[in-house]
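Engineer: These are the residues of each chain, in order.
Protein chains: 2
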Amino acid sequence: MSKTRKDRQFRPLPVPNVELDGLFGARQDAICDSTAETLLDRCVEAGMVRAIDTSQPSPGIVIPLQPWAGSTQMFWDSDLGKSIETIAYSLYRRPNPKLEASADAIIDMYEKMQDKDGYLNAWFQRVQPGRRWTNLRDHHELYCAGHLIEGAVAYYQATGKRKLLDIMCRYADYMITVFGHGEGQLPGYCGHEEVELALVKLARVTGEKKYLDLAKFFIDERGREPHFFTEEALRDGRDPKAFIQKTYQYNQAHEPVREQTKVVGHAVRAMYLYSGMADIATEYNDDTLTAALETLWDDLTAKQMYVTGGIGPAASNEGFTDYYDLPNESAYAETCASVGLVFWANRMLGRGPDRRYADIMEQALYNGAMSGLSLDGKTFFYENPLESAGKHHRWTWHHCPCCPPNIARLLASIGSYMYAVADDEIAVHLYGESKAKVEIAGAKLELAQTTRYPWDGAIRFEATLDKPARFALSLRIPEWAEGTTLAVNGEAVDLTAVTVDGYARIEREWRSGDRVALDIPLTARALFANPNVRQDAGRAALMRGPLVYCVEATDNGAGLNGITLVGDPAAAKGTEIPDFDGAIALDVAVQRDQAEDWGKSLYRTSPPASHDATARFIPYHLWDNREPGEMLVWIRAGHRARGV
Amino acid sequence: MSKTRKDRQFRPLPVPNVELDGLFGARQDAICDSTAETLLDRCVEAGMVRAIDTSQPSPGIVIPLQPWAGSTQMFWDSDLGKSIETIAYSLYRRPNPKLEASADAIIDMYEKMQDKDGYLNAWFQRVQPGRRWTNLRDHHELYCAGHLIEGAVAYYQATGKRKLLDIMCRYADYMITVFGHGEGQLPGYCGHEEVELALVKLARVTGEKKYLDLAKFFIDERGREPHFFTEEALRDGRDPKAFIQKTYQYNQAHEPVREQTKVVGHAVRAMYLYSGMADIATEYNDDTLTAALETLWDDLTAKQMYVTGGIGPAASNEGFTDYYDLPNESAYAETCASVGLVFWANRMLGRGPDRRYADIMEQALYNGAMSGLSLDGKTFFYENPLESAGKHHRWTWHHCPCCPPNIARLLASIGSYMYAVADDEIAVHLYGESKAKVEIAGAKLELAQTTRYPWDGAIRFEATLDKPARFALSLRIPEWAEGTTLAVNGEAVDLTAVTVDGYARIEREWRSGDRVALDIPLTARALFANPNVRQDAGRAALMRGPLVYCVEATDNGAGLNGITLVGDPAAAKGTEIPDFDGAIALDVAVQRDQAEDWGKSLYRTSPPASHDATARFIPYHLWDNREPGEMLVWIRAGHRARGV
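Those protein sequences? They're chains A and B, same order as listed.
End of the first sequence sits at 1085 in this note's numbering; the numbers just go up one at a time, nothing left out.
End of the second sequence sits at 1085 in this note's numbering; the numbers just go up one at a time, nothing left out.
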């Protein structure tokens, strides 16, 4: 009875339908307790709220212009949009009238600021009013609109208040008149993708296909010749070649999106584009987009992704460089980029569960993305290197504050990434203590997931149904999860018989009280990088389940590059880390070079002595939550660990 | 009869007194054939000559201002000075009337441009005439003067023409009126050291102690409180804290020079300062300076120096960072900085031969410095990384063209670094096919050195004397030179009995026809870095004699980080490299990771397979002289190579 993969349309569960506890619950508590308010406070401190307060004079240019793309002030609407989105999700978990009132006040200001025709942008209404739509390549207008749309959708869903949603519908309706191939219309698209995926959200919440069509227009136009960015530059009296980023690859606008085969340019932009493409592929069942996305997916994940799911190694373009170029200490690997990879991966699941995407989603989420937020929810990483000599630390704010609200809104809405539903199927992409409520096959289902995952691999499901119903429950079996077992109501299930695309698919008539036991062994394993990754040669990274581990000086003292992995890390002892919510450390047999008895010389003809030792590894996303110091993911792998 | 170390004053042999062949001879031929003229051509192309041509209007600002220190155009006098110096040395080896005429024309222009009071500076006479002496911290006026003085001294010695020397004496006489503690005088010094060592050269060639005194004044004033840079900024209406480099450590002006214990800031500036300090220590027998220099020497060579003798790892300050921070791929290690280290090391020998300095001088010369010039003398390195993924290549010119004339003038005058004389002693610091002429102990000595060093360790000396004379011949026995033997007129000398500070000191009555045979075994050896150098952990560098070796893709294919050294490199086979003037490559037993059969995945749980192979190592300074590609110095060291 199951449909073919092509026809299936899976949509994430709405945020309020999933109630979380465990690790994700703790992160959401930190966001409710600290991050949501912190974001708002710092937006106020930066002057973002004054910037949209029409009762006060325009603040003008608050911080110095960047040579490359105007000022980060030009993107302030996006930071407010993401903050409102975070606040919205946090209100589900914990009502907070003060925070809600602050969001309402901001929304009122946007209402007052909005132009009669629907246009809305703090910079181009208040600082450079004459420059509207003159430079889509650099000016971030549609990017800002996209984040305000996402905020509006989330806030409407969380509070039932339509004001911001109506504002953004008016803006989107105006956009429909501005963009197109008609007389006087612009056949353009934004230099920083984002509005595409936002318009899909707007269409889904309003049921208005016109917003989908606009998103599809932006995607279809991108990279076509004659090139819009070139034409608009000429129209605007600018030299099209005077583009600091040199190539339209930076904006993924170097060729039509369906012809793109290599992941290039600014990493966050790329992820947002592919997310929008995947949404449109799902909504229009557009296989031409899906084919391009599958090629790009392989290109990214097989040649350009850190083991943490971090992407975009270079600071110079905040993005991609060459294949297999993955420097560890200088890794840019922006938090936003890993968040974007989670967005994209999640949307690749729109056409059906496939662990090819869900495994990476989990890897990027737990490592490259979650590292961006401290345990207390108050400090942030922008760059996420895989090695630090001890000077890379979380900060309280950033001149370009894109990452804090991005990781916050992802974690605050993570329930919707865990579960997805089609007509007669529910997929569990991520594991974690939670309850999901959904209508499926005409019945009301509450699916309770009980587990200490990712610290323990025992996962129990119990279904509560208002009536028996026939549907499929699809459970992801991660590629790394050797030895996994599954039982339904105590009866073992042959995984090889039921696993499709890496998901155990249990299709049956489900009744209230039905129980599923999934046991995923969480054994530490050493990973080795493709020999083309020069930076990781002779080294190994430890993983346990979806978590990448690292060594920190606070546990191990300095000189982390003097540690050599010996033997099989599967023998590592798991120990709970104090004050870390039950997180598991790994104590692993290693050898350590001796720096103490080396002497004074810088170079000599005999290698350092070494001794047997135990090193403590902690999950990468938890680093820099204690004493500052060195950190290292890729440790040297001795001949025994390498089997040489 | 030998004096104590303290009282000895060794001075380098004048450039024309040493005639070179062999490796250095070939480099000098390339400079005569190409570099000297290339330098001049490119100075003309850049507009440097037009800038001092008072018959033409001031060129104004030719290239965009740098935010940190004005424009590189502000240093153009220094580039012309170093080019004239290079031309001067090249004229000894090969008369070149055309080149000499070009230099004469430039000197005529300087004569016309010089102010009545003696002041001379293209920028502050022609571009910003009102700004003379207003910002010593940033404006490079004395730095430019210093290079013109060095050029003047060299040109006078090479051609006998005094014009530029007289110009610079007038300028230096004017400086004496400007700087001092008297009424209306400036108690200042230059933000970029250089004039100090130049004034010593001027004093030595003119016999005028007043120039020494001015050099000593600059050195003594440096870093004193109240701080000159702060006071001059306030006088000039600038905020002293608005210093892009943040700290006076950048200029080694953070404390008085005799109190400095750590090598900090801009690497070239540091080397030039220490060179000047060493000269003054020699000229004034100033032990307080010597003590400070010895501390700084250990600080640099035991904690902050690449194995190539490259120094200053960071691009941000073109200088030093933290102890043991020696990144290989991103190494700045400016050619000029290694050249500066050779200058400093050579001057540390002014108080007597000591291999502590001479070994490093040789190491920096043959590796970090000589890498800066291509074999054909036409292209240059500014940065000298110890690893390249294949995109770092020699260029024909640079917006800040300090390095090409610097390495050129060093190599063109290298004879004076090889030999030094005191009253009754001659020291041979560097080996190489050459003839040195010197008056010593009342006799005329011609010392012929016959050798293929550094390719072969057999070194033969023959003395020709107009009469027998008693003096000491001191021959450096490098610290790495295990098993060295020495014979005088065929009779073996017990090295342990005659070696002082790493020099075999043969004091006797020398007669014409006396022969010395020095045999230094050149066996390849693996070097290991102090475990505190995180970037080199688990790796080894190969050296043979003074030469650091590297692997290049053109010999070994790509994937150099997949190479692991196994076994003892002493067993390596030496082979002559085609078309490289007899240079010796080393063919070494290694293991190589197999990238071919790895498959498509980026990460996996089993390490790559590896196979036994032979890798070809070539001298580091010769890299990027053939097909472009990857390069690597520090290769992985297997457990057998590490004796684990």
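Treat the hints loosely; a few may be bogus.
For chains that are exact copies, the list does not tell them apart, and a pair is met inside one copy or across any two.
20 Å max Cα-Cα, derived DMTMM-like pairs, lysine to aspartate or glutamate [what the hints assert, rightly or not]: (1) Lys1041 with Glu735; (2) Lys908 with Glu662; (3) Lys1014 with Glu920; (4) Lys885 with Asp865; (5) Lys642 with Asp727; (6) Lys703 with Glu478; (7) Lys651 with Glu932; (8) Lys557 with Asp614; (9) Lys651 with Asp677; (10) Lys602 with Asp942; (11) Lys876 with Asp680; (12) Lys744 with Glu1017; (13) Lys1041 with Glu460; (14) Lys832 with Asp763; (15) Lys832 with Glu1037; (16) Lys604 with Asp556; (17) Lys1041 with Asp766; (18) Lys650 with Asp494; (19) Lys539 with Asp960; (20) Lys557 with Asp494; (21) Lys604 with Glu673; (22) Lys687 with Asp740; (23) Lys1041 with Asp942; (24) Lys1014 with Glu887; (25) Lys703 with Glu874; (26) Lys876 with Glu696; (27) Lys553 with Glu673; (28) Lys682 with Asp462.
To be clear, the hints were calculated from the coordinates, so they are not data collected in a lab.
Engineer: First find the shortest C-alpha distance between Lys885 and Asp865 inside one copy, then the shortest across copies, and answer within, between, both or neither for a cut-off of 20 Å.
Structural biologist: Within one copy only: 12 Å inside, 105 Å across.
Engineer: How would you classify Lys832 and Asp763 at a CA-CA limit of 20 Å: within, between, both, or neither?
Structural biologist: between (27 Å within a copy, 11 Å between copies)
Engineer: Can you give me the call for Lys703 and Glu874, within, between, both or neither, at a CA distance of at most 20 Å?
Structural biologist: Intra 37 Å, inter 55 Å, cutoff 20 Å: neither.
Engineer: Between copies, within a copy, both or neither: which fits Lys876 and Glu696 at Cα up to 20 Å?
Structural biologist: Cα proximity of Lys876 and Glu696: none, with 44 Å in one copy and 66 Å across.
Engineer: Should Lys687 paired with Asp740 be assigned to within, between, both, or neither, using CA atoms and 20 Å as the limit?
Structural biologist: neither (23 Å within a copy, 43 Å between copies)
Engineer: Using 20 Å as the alpha-carbon threshold, which applies to Lys744 and Glu1017: within, between, both, or neither?
Structural biologist: Classified as neither; 34 Å inside a copy, 39 Å across copies.
Engineer: For the identical chains here, do Lys1041 and Glu460 meet the 20 Å Cα criterion within one copy, between copies, both, or neither?
Structural biologist: neither (59 Å within a copy, 39 Å between copies)
Engineer: Which holds for Lys832 with Glu1037 at a C-alpha limit of 20 Å: within a copy, between copies, both or neither?
Structural biologist: neither (23 Å within a copy, 38 Å between copies)
Engineer: For Lys1041 and Asp766, with the copy left unspecified, which applies at a CA distance of at most 20 Å: within, between, both, or neither?
Structural biologist: Only across copies: Lys1041 and Asp766 sit 16 Å apart there, 35 Å inside one copy, limit 20 Å.
Engineer: Are the CA atoms of Lys682 and Asp462 at most 20 Å apart within a copy, between copies, both, or neither?
Structural biologist: Answer is neither; intra-copy 52 Å and inter-copy 51 Å both fail.
Engineer: Up to 20 Å between alpha-carbons, please classify Lys553 paired with Glu673: within, between, both or neither.
Structural biologist: neither (30 Å within a copy, 53 Å between copies)
Engineer: Is it within, between, both, or neither for Lys1041 and Glu735, if the alpha carbons may be no more than 20 Å apart?
Structural biologist: between (55 Å within a copy, 15 Å between copies)
The structure shown violates the earlier hints numbered 2, 3, 6, 7, 9, 10, 11, 12, 13, 15, 18, 19, 21, 22, 24, 25, 26, 27, 28.
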